[in-house]
Amino acid sequence: MKCTSACAGCSDSLALRYVLKAAGPDTALVIPACCTSVIQGIYPNTAFNVPVYNVAFAAAAACASGMSNAFRSTGKKTNVIVYAGDGGTLDIGIQSLSGAFERGTDFLYICYDNEAYGNTGMQRSGGTPIGARTTTTPGGKTDVKKDIDAIVAAHDPPYMATACAAYPQDLFKKVQKALTFRGPTFIHLLAPCPPGWRFSTEKSVEMGKLAVKSGMWVLWEREDGKLTISAQSRAAIKKPIPLEEYLAPQGRFKGIDPKSLETLKKRLESNIRKLTQEEARE
Amino acid sequence: MYEIRIHSRGGQGGVTAAHLLALAAMHDGKYATACPFYGAERRGAPIVSFVRIDDKSIRIYSQIKKPDLVVVLDASVMDTVDVLQGLKTGGRVLINSAHKYEFSGFSSCNVDLTGIALKENLIVAGAPILNTPVLGALAKMGIVSVDSAKKAISEMFSDERNVKAAEAAYKEMSA
Amino acid sequence: MKKIATGNKAVAEAVKQVKPEVIAAYPITPQTEIVEQIAEFVAGGELNSRYIPVESEHSAMAACIGASITGVRTFTATSSHGLLYMHEMTNWAAGARLPIVMANVNRSIGPGWNIWAEHTDALQERDTGWLQVYVSTVQEAYDATLMAFRIAEHHDVLLPVMVNLDGFSLSHIMQPLDTVELGDYIPPLHLKHAIDPKNPQGYGGLTGPDQHFKFRWEIERSMRDSVKAIEQAEKDFAARFGRKYGFTEQYRCEDAEIVVIAMGTLGKEAEVAIDNLRSEGIKAGSLRLRWLRPFPVLELKGKDIVVIDRGYSFGFGGILANEIRARCGVNVYSVIAGLGGQEVTYEDIADFVRTRRIDEEFWFGVNDRV
Chain A
1 MKCTSACAGC SDSLALRYVL KAAGPDTALV IPACCTSVIQ GIYPNTAFNV
51 PVYNVAFAAA AACASGMSNA FRSTGKKTNV IVYAGDGGTL DIGIQSLSGA
101 FERGTDFLYI CYDNEAYGNT GMQRSGGTPI GARTTTTPGG KTDVKKDIDA
151 IVAAHDPPYM ATACAAYPQD LFKKVQKALT FRGPTFIHLL APCPPGWRFS
201 TEKSVEMGKL AVKSGMWVLW EREDGKLTIS AQSRAAIKKP IPLEEYLAPQ
251 GRFKGIDPKS LETLKKRLES NIRKLTQEEA RE
Chain B
1 MYEIRIHSRG GQGGVTAAHL LALAAMHDGK YATACPFYGA ERRGAPIVSF
51 VRIDDKSIRI YSQIKKPDLV VVLDASVMDT VDVLQGLKTG GRVLINSAHK
101 YEFSGFSSCN VDLTGIALKE NLIVAGAPIL NTPVLGALAK MGIVSVDSAK
151 KAISEMFSDE RNVKAAEAAY KEMSA
Chain C
1 MKKIATGNKA VAEAVKQVKP EVIAAYPITP QTEIVEQIAE FVAGGELNSR
51 YIPVESEHSA MAACIGASIT GVRTFTATSS HGLLYMHEMT NWAAGARLPI
101 VMANVNRSIG PGWNIWAEHT DALQERDTGW LQVYVSTVQE AYDATLMAFR
151 IAEHHDVLLP VMVNLDGFSL SHIMQPLDTV ELGDYIPPLH LKHAIDPKNP
201 QGYGGLTGPD QHFKFRWEIE RSMRDSVKAI EQAEKDFAAR FGRKYGFTEQ
251 YRCEDAEIVV IAMGTLGKEA EVAIDNLRSE GIKAGSLRLR WLRPFPVLEL
301 KGKDIVVIDR GYSFGFGGIL ANEIRARCGV NVYSVIAGLG GQEVTYEDIA
351 DFVRTRRIDE EFWFGVNDRV
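Protein chains in written order, with my numbering: chain A, 1 to 282; chain B, 1 to 175; chain C, 1 to 370.
The following block holds chain A by itself, in its conformation from the complex:
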């Protein structure tokens, strides 16, 4: 099939390319229902050069837990990587995610976050920011974005990080580093989505950069609990661009109500404060 089944401008497939480059061929991907389920292509083709195991929506981390235990029990060092959307991670998948982390499973869990249920047509998820329009929040979401990083951090994983599809080298390094650890590792990756966020398809990378430059998305990593803010965000924190510059090109934030905008700003500031304070303490 001479084409892609991804949308034009898709950040997910862009990021996955770097993830697989970093992981190398001795890798198995576990994918719950998500955009990547479709991007793989339709039987009898598969778009990827590593084994891809598709599994039910709620079950990715549990499935990966079984797979990793099985590989390790037979002496295999194969990387087990879950590549899941925000829906399958923050909402329906959170039980299995928590279980796999609590049991110290040796795997890498990557959540690519397009802040809605992309594969079923952009309904809201726990990862949708407050004020954003989705098909099930036509007037703008009234609840804040669930802080999955704090939830995962509470499981004390040996390594976790945030990344963004617009910064592929940073993502590449973080994936490589995560895979050197034994135990559960987590990367939360922002994946700007043209049809979902309603911006024009050639602007995906630009949108990712605006997210980081405004401080809405902070790039950092935590190694054995020690936090390091990545260089691009360090610069952004020193001299952030106004949040409005990030929000304006996105149709999902058009006409955002002032209270939601206020909450977005407050949470942005409080998040940066928390991270910089944590880093300073160490």
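Worth flagging that the hints you see were computed from the coordinates, not collected in a lab. Hints are supplied without guarantee of correctness; some may be wrong.
Claimed, not checked - With a straight-line Cα cutoff of 30 Å, these simulated BS3-like cross-link-like pairs (lysine-lysine) come out:
#, chain 1, residue 1, chain 2, residue 2
1, B, Lys-56, C, Lys-301
2, B, Lys-56, C, Lys-283
3, C, Lys-2, B, Lys-164
4, B, Lys-164, C, Lys-3
5, A, Lys-265, A, Lys-146
Since the structure of chain A is provided, determine the placement of chains B and C on it from the hints.
For chains B and C alone, kept in the frame of chain A given last:
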């Protein structure tokens, strides 16, 4: 029963064109069904939608195999899709194009829907709106009445430019 | 009011008129438009329900149960894997005797991921105590959803009702829809066992071997009593709104020597096959089964029965075929067709009749006769 197959690309409004056509036919007092066929549902992928129109209720749900009319909203799909497949002998083709296409064995009409949309400034997310002006062309071909076409368009879209574009297509089209 | 709508939108329209106080639902293709339309109605003030965007289908049914036991009307919708994920709780809802109404957009089960029509999802729920109806037109999807609330809430029933519509084949196609003024067609809900702090009760707690079976019998008793409630609801619907339904929709069966039985849109398209067969001199008729639970009485003896199953029980056979065999005491030609949205046309259906072999099973598209 009259069967129409509409070829377009995802995101161009081919599915909405089918809905509009069915709605217009209903206003003509007919029974109509509209059906998108879901293949790869991604923006830019070729898609097909179907409309059936009859005087009595339609009990068929399977795909149209032998259309009476084929509508091509995006001529580029013809590179990968055989738009004429199954077209009945004596069937017609309506194609969105500034110039005439010859399809051996079938009569074809062309109308520059893209040009009309651009002239009326009927553009959404950078793409010209084709599904409202095509209704004007279909009215010219006698598939639905002009009044019902305009009624259907006004019911679905409040922007008057949509009706204007349909009227322009009606005028411009060579029968 | 006359309009044109998809099956999904028709269900949402019916829900809007019934005004459930709580709707808890999780999106899944091809149900999503139901949920999105309801969200739009709520956001636009056209529907004053609380819409809970739950985090999974298991939670959707759990939330409906929690809401329903307070005595309010609830609704949810799902499909396929969502229904399967809910399975523990669909059992719970029936056992808890709650008049929850759910629209299920029939879709196949993976792996591989397939988003098109198949009945196995709902068929796997047939043992739970839910009433199940299968619709075949947009109008019927709307009408059946309205009737479902009335039936579920009937004092002799108090069991949840599932309205099934074929994924994409009905959920996404547009047909004419005539909406109604409900009036008092659905009486106000008075749930006798609703939670009441002034009259505290324990719900669903530990029940010993000497008691539990009695509750199970009560479910079955109400399932049997629901036959009358369904008849009443449909009769009243016909009187008020002019459209008649029934446990089955029979087409040209009066003098038929062969009867084709199917559910959903295939059951409707079968009528076109019947007309074609009749013009060939073959005396065929079609019977579209609407209510799967409670399973109706069918008079099939003395005819050749062709059953089209859009679902299967591995190691046993076509589910509908076997239910018909068991209940009606007839031999059938069991056709397995339409799985995963496999296209089945009126020409294929006519062929099933022409090439029928009673007591055999035929997997359409698989070349060997089994």
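Structure-based check of each hint:
no. : hint                    : verdict
1   : Lys-56(B) - Lys-301(C)  : 33 Å, violated
2   : Lys-56(B) - Lys-283(C)  : 23 Å, holds
3   : Lys-2(C) - Lys-164(B)   : 26 Å, holds
4   : Lys-164(B) - Lys-3(C)   : 24 Å, holds
5   : Lys-265(A) - Lys-146(A) : 16 Å, holds
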